[in-house]
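**Student:** Residue-level listing of the chains:
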Amino acid sequence: MITLENIQRIFPVGDQQVHALRDINLHIKPGEYVSIMGPSGSGKSTLLNLLGLLDHANSGTYRLAGDDITSLSDEQHAQLRRERIGFVFQFFHLIPRLTAAQNIELPLTLSGVPPEQRHKRARDALTAMGIADRADHRPDQLSGGQRQRVAIARATIMNPDLILADEPTGNLDRASGKEVVEILEALNKKGKTLLIVTHDPELGARSKRLLHMVDGKIVSDEQQNAGES
Amino acid sequence: MKNVDVTRFAFTALAGARKRTFLMLLAMATGIASVLILTSLGEAARRYVIGEFASLGTNLIIVIPGRSETAGGGVVHMLVGETPRDLTLSDAMALQRGSAIQRIAPVNVGSASVSWQGLEREVPILGSSAEMLTVRHWEMAQGQFLPTGDIDRANPVCVLGGKVKTELFGNNSALGEWVRIGDRRFRVIGIMASEGHTIGVNVEDVVIIPVASAQQLFNTSSLFRILVEAKSREIVPQAIEQTTRIIRDRHQGEEDVTVITQDAVLATFDKILQTLTLSVAGIAAISLIVAVILIMNVMLISVSQRTSEIGLLKALGTPNRQIVFLFLAEAGLLSTAGAVLGVIMGEIGSQLIGYFYPVLPVGAPWWAFVAAIGVALITGLLFSILPARRAAQLDPVEALAHR
Ligand SMILES: Nc1ncnc2c1ncn2[C@@H]1O[C@H](COP(=O)(O)OP(=O)(O)OP(=O)(O)O)[C@@H](O)[C@H]1O
Ligand SMILES: [Mg+2]
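The listed protein sequences correspond, in order, to chains A and B. Be aware that the first sequence starts at 17, since it is given in this note's numbering, and climbs by one per residue. Be aware that the second sequence starts at 741, since it is given in this note's numbering, and climbs by one per residue.
Hints were generated in silico from the structure; no laboratory data involved. The C-beta atom is built at its ideal place from N, Cα and C for all residues, glycine as well. Take the hints with a grain of salt, since some may be wrong.
[As the list claims (entries may be wrong)] Under 7 Å between C-beta atoms, here's a sample of chain A residues computed to sit facing chain B:
1. L70
2. R97
3. F103
4. T125
5. L126
6. G128
This is chain B alone, in the form it adopts within the complex (with noise of 0.2 Å):
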């Protein structure tokens, strides 16, 4: 028998029952668009917490104080957050030096209470310097950022996030005013704008003063960690060099700080995301097995339904082997005209979701495509081996007698 015609002799079988190869479409065609739709937005969610770490610049590196044994450990690392030997500021002054580094800005972190006109809040404060407005691309709302200069200057002035504005100031103008940090007074001399999202640090809910004012203000002469920004993107190793050498000689030698880059941060969040995606993508698979053990039901009911049909191809001396491809065509043409509507419903899908949801750079990855068609199809044969082989052994003369 020629393929052609195997072809359309499964066709007009799935065309002759219209409804039940209808039933059976939509199925299959759910599971795939479920799992695309899912997927791409893992993906999305992937593509877009790294675009927001892009944003934070690439070239930066991060210079964190204790020394991180094993390579990937950085991250680990920073969040545990063990002080062998303070950073200092003045390590973070000798870093200024490097001929790879455009710029650097020390970070203090700690908590404090904010008042004003009696009013008072708990707010986490950030020491740090003028560099750190351009390093983090953050953007002002009013007024300026920390005044540029000698960073171990304890100027009294602070920079309030939008939140804290509000809630101490409500409508009333901040700017020039002086508020009480711990037990001493800042005059408020910037606002950041709202839209400063970045990862780590929400800056809508924090005071911003200069490191030395922090330093003094939670009597400590260590850094949390300082901000490097290389040249360019492709000095990066270098300026990891420089750092690790800066460090190290004002150290007595002893590397004891961790430099981690953005882009080794990003590769674990990365790895993260898309296991998210791929724990999705499994869950929304499930629906996918669904419709395939589905179609195993269906050509189950197709095969005894068609009885006597079988039983006439035996007598018209067709071979068993035929009788099966002919019922794994009938499958195999299901599952594809599912998988082809289920990418349709799939895609069309995602752009519903990036057109109501802009910020999220929807799009299913090639991989779940493959996926999906690639499970839909082969488990759609799989499964259908049962009913085909089931036809094949029919045994003709009861089968003409089916009526």
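So here's chain A without its partners, still in its complex pose (with noise of 0.2 Å):
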């Protein structure tokens, strides 16, 4: 599924230069469950978002399926996140002045998905999350796990092979933060390709495979024993 070459990542800063990546080299199978932990500032953040080809790395190479996306357009790369990656934040980033249904849909209008369609698609989605009768309240009206079910179930919709979740339970009460894992992990069940980052050591414990990152770098890559719950 996705294959890392000697990424580096260099931000700038006044005439310093932050490593935020240094020569990482990673390989995910399809249909893996990868938690990335680490300390703050220790490059999880933006590994994620050059997975989600968000961001570019400054050198090396990056294959998602095989294909080298480094040369592609920026058109191209917003095709891929269109159709092969979904993104679940920490801070949700639900439109506030739509419904629930309208922001799960989202995706959906832009891609110029037919209402009826769309409305079917957004429905289930909600009954699948368990908040079904949640459908026409607005973001500020819903609890914050109820946002992040909204929110995964916007960044499921199209239906990608690959879910991109940074810190997803980051803004979350320890029981909230448990079902909406729950939900990452029942989707990675029918077989999407997860990541997770996470501060959460007993989140971080549930996953398969787990990363450590110090300093821009991959300090450890361990199997796990899967499936404790």
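Grab the two chains, each in its own frame, and use the hints to assemble them into the complex.
**Tutor:** Below is the structure:
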């Protein structure tokens, strides 16, 4: 699914250079469940943004499903994000003036899917998330856990094969955080590749594979006993 | 993305920032309304003046001494008034023979002191004939106009303008009194009605005497001009032709007069007033430009306030040109709504002016609508390209981090 070779990401800050990613080599197979942990500033988000084609490496190669991504145009990157990648963010990023259903429909709307089809798929997604009764509520009328479920429904409505979640529980209490993680894990069980960045060791321990990052490097890459819950 | 969805998305974005949207609409609408109201005023003035001219009679032909070389120079010549060969009373009488000519009125002008019982005033004197009343559609307040009959008879009678009458006689009756004009005595036989508002001559402030008397008074045998009324509007060209021919025959074959029609004068005034309207509209257009620049700024604010939303759109895989399109749709919607509101406000404004000044035939011309709305939409969109592109060029990671 994903192959990174000698990836470097350097941010110029003033006349200094911040090495956010140093010589990253990584291979992730389709359907894997990977957690990424590490101290603040270690480059976790930078890695995830790069994998999600929101950011570019300064050097190195990135292959997604066998294709070299580095040589593609902005437009082609956008298309890959639209069709193959779903993002889940710490701060949900729901559009405040749209209802839950409209937020979930947004990727479909942007792709020109006809309304009836859109509404049906959004309804199904809301039902799958257990918040069918919240379809017409706006984000500020929803709890954090409900918001993140809407965000996950939006991330998966286009049926991507890669889900990237940057601290998806970072803004939630323990109980709703657990529910959100279970939803993500259920998606992984259905075959989607799942990457979660987290500061929560308990959450990190749930995945089959755990990466540790320090100072822009992957310092450990462990296979774990999967599936305890 | 479907156009309905683009529109709806833009609409919710506008509805989400209600106060901002309202202020924008107001600015845009005010710009458009002021263009419409001012052009409508200019147009009203133009139509008013043209209406006034038309009331003079569209059959009117004016004969001026002196040859105008250029086709459109008649009016200028009329104002400068060079006189190579005089127009005479006999010329005027000869014109009466033209088959297309209904009636003629010779005109002589000058200035003289008019006095009655020790009160004296310097007043413009107009020498003419009985036909003048009909030709210029004047009306009498009291008494009668100049007597009909031979126009070369120097009757000692005069007709006073309303203002002259009041200044000399106050509330006393003037009819039948003798006044002194220059060194001659004239009997007052009529008073002009004050509503005889006519371009060129203010009948309020004038004394009218028979043209032959005026020639004696000013010691001249020439005329200032001759007014000719054609039998109908259709045969004005024949009337012009006959007029020219008759005068030429009398002036040893030389075409030394200028014949202009009411229409020519009208066209000149029409052009002047249209230019005026356009320049007023141009001034009003400045407020439209201000509104458009405001739209640009508001769009820039909108982009910066919705940075994280733009980041999200990018993360969802929205191509840059679609983001540009979304913001342009928003600007387009704003401009259109502003234009519609502006047209309504402009119409209400024009109607109000029409209500308070009923003589003015208010109503913006069609081109003002087209121009105002066109300028609003085109510049509204044009000026939103910058903010829209700025939105599309945001870095997605930074945009998402924006709070
Ligand atoms: N746009 C940027 N410009 C400059 N430096 C940046 C930029 N983005 C990230 N960095 C730097 O790169 C390093 C890695 O940042 P990153 O956000 O990936 O850390 P992180 O592991 O996600 O941290 P956290 O756990 O706090 O989210 C940090 O030192 C950060 O300051
Ligand atoms: Mg981070």
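**Student:** All hints are to be evaluated individually against the structure, with a verdict given for each.
**Tutor:** Here is how each hint holds up against the structure:
The interface hint given for A/L70 is met, as the beta carbon of that residue sits about 4 Å from the closest beta carbon of chain B, less than 7 Å. Nearest Cβ of chain B to the Cβ of A/R97: about 4 Å, under the 7 Å cut. The hint holds. The beta carbon of A/F103 comes within 5 Å of a beta carbon in chain B, closer than 7 Å, and the hint placing it at the interface holds. Contact between A/T125 and chain B, as hinted, is supported at the beta carbon level, the nearest pair being about 5 Å apart and thus within 7 Å.
The beta carbon of A/L126 comes within 5 Å of a beta carbon in chain B, closer than 7 Å, and the hint placing it at the interface holds. Among the interface hints, the one on A/G128 holds; its C-beta lies about 5 Å from the nearest C-beta in chain B, closer than the 7 Å criterion.
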